[in-house]
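Engineer: Given the structure of chain A, go ahead and fit chain B onto it with the hints provided.
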Amino acid sequence: MAGNTLSRIDDTLLVREAQRGNRAAFEELVRQYDHAVLRLALHLTGSEQDAQDIYQEAFLKAYKNVANFRFECSFYTWIYRIVTNLCLDHLRRRRVRKEDAPVGRDSEGGEFDLLDQTPDRRPGASPERDLLRRELGARINGALDRLTPRERMVFELKHYHGLKLRTVGEMLNTTEETAKNTLFRATQRLRGALADMR
Amino acid sequence: MKCEWVRQNVILYLYEELADDSRYEFEQHVARCAGCAAEVESGREFQQALAAAPVVQPTPNLLTAARMRLQEALETTEQGGFWQRFVFDPGAWLRQIRFSPALAMVLVMVGFGGGVGAMYFMHGQAEPTLGSSGGLPPDQASISGIRSVTKDPSSDRVSIQYDTVTSHREEGAVSDQRIQQLLLFAARNNYNSGVRVDSIDLLTLQPNDVRVREALVYALRYDNNPGVRLKALEGLGSYVKDDVRVRNAVLDALLNDGNPGVRVQALHLLEPVKADGSVRVVLQRLAESDQSQFIRTQARSALAQLPEID
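In the order they appear, the protein sequences are chains A and B. Take 1 as the starting number for the first sequence in the numbering used here and just add one per residue. Take 1 as the starting number for the second sequence in the numbering used here and just add one per residue.
Same shape as in the complex, but just chain A (with noise of 0.2 Å):
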């Protein structure tokens, strides 16, 4: 616990450093919360190289920018606001591109992606358990997929990262209550995709 006590330095103190032009400050912020980030990028686009192109692209952006900052909203919302739309940018690209993934076709018509199906070599991992988490994880991927990006997006933010739905809209330049009708509207539709699966 003292550790984290000692490890929480001031945000604000090291975005003035950082704004100065001392890039170790940067670079704690970095530290901070990249992990989040490559977190959040991971899940969303699926692909290692996708996710390491996205945090690049948004820690360099931040640092160009970082000197525009002006405190009206936290480092943290900023840089999950710049991480957000680059992440739905991809999104909405994979959505163009889609046609041409390597996608197939379950017992019930709904499509998964083929590059899911590789299998868990990890030690321990049964070949029954395996095939049926990956039907599983398939079919839940399948049905994010599926989301418009902005519902993924804002599904992804409340549901596996936890944030409140006013911060959600914040990084989205929304309203709280757009936030929320999101919300409903891609739980919804998961809902009606995975019906079968309770």
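A portion of the hints provided could be inaccurate.
For each label pair, taking beta carbons as the anchor points, the in silico distance ranges come out as [claimed, not checked]: (1) Glu135(A) to Arg69(B): 30 to 40 Å; (2) Ser238(B) to Asn141(A): 20 to 30 Å; (3) Lys64(A) to Pro307(B): 51 to 61 Å; (4) Asp243(B) to Phe69(A): 56 to 66 Å; (5) Gln206(B) to Asn65(A): 20 to 30 Å; (6) Thr148(A) to Glu41(B): 35 to 45 Å; (7) Ala195(A) to Arg285(B): 42 to 52 Å; (8) Glu176(A) to Cys33(B): 21 to 31 Å; (9) Ser238(B) to Lys164(A): 21 to 31 Å.
Source of the hints: derived by calculation from the structure; they are not laboratory data. For clarity, every value in this text was computed on a predicted model and none was experimentally measured. Where is the CB? At the ideal position from N, CA and C, for every residue including glycine.
Structural biologist: Below, chain B alone, put in the same frame as chain A:
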């Protein structure tokens, strides 16, 4: 009607997004209505089902690779400065002015005042003063770099050579406001680590000044030269006991500094406050798992001298 409202808000309830009063109303209704209770249960089951596809955590390798790639790119990337706003985004300014008549008025007044000031300056100044000593305090924004800091060994006089558009020299006592200002500037901004060491060294003579202490903490945390960090530690030594910010900075150095010498020095500085809770926790962590055997041994011996806590 009530059931409809509850069903529309099941998701918000499960994600803890309902306001307290609505939440109370919601729970009161669900306790009495079997249909709505089933709806809540179904929503909960759906959330649990999603756990079959958990979020993949980035592996340490991926995180390290991403960090290294970013660090490499940062080497060759320049920050957009203050002027970028004016140069690249005049639209934002126009928008601000449109929505803020007061700001527009201030800008007009500043422009008018600036014009009058410039006229006064052009007429009022007989000739430019270059290489002045003892003039106005230097404006930090106009300093492009500090060339050298030299102290006269026989007195408390200091000589600082710095560049604006041209080179300047400033001389005075260490306690002199202008000298202090230049030293603080040099401690944070100079590319020459020798100048930073000299500046920090002189600043440690006035550690009671809050700005000086901040500069020392800053140097300890962020300076990339271990010599400068050691000097800063030296200056902060007497404040470890009373100033929590200083103590935290020293603890951070002890835990995270990349230089063993700085860490050992930090460990020695914490000797008088080793019974403090946060210090004790850090010592325990170091004693158990620090990579350096010397630090592990020192931490163990410091802990051994402390009374047990139940």
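Engineer: Which of the stated hints cannot be reconciled with the structure, identified by number in ascending sequence?
Structural biologist: Those not satisfied are hints 2, 4, 5, 6, 9.
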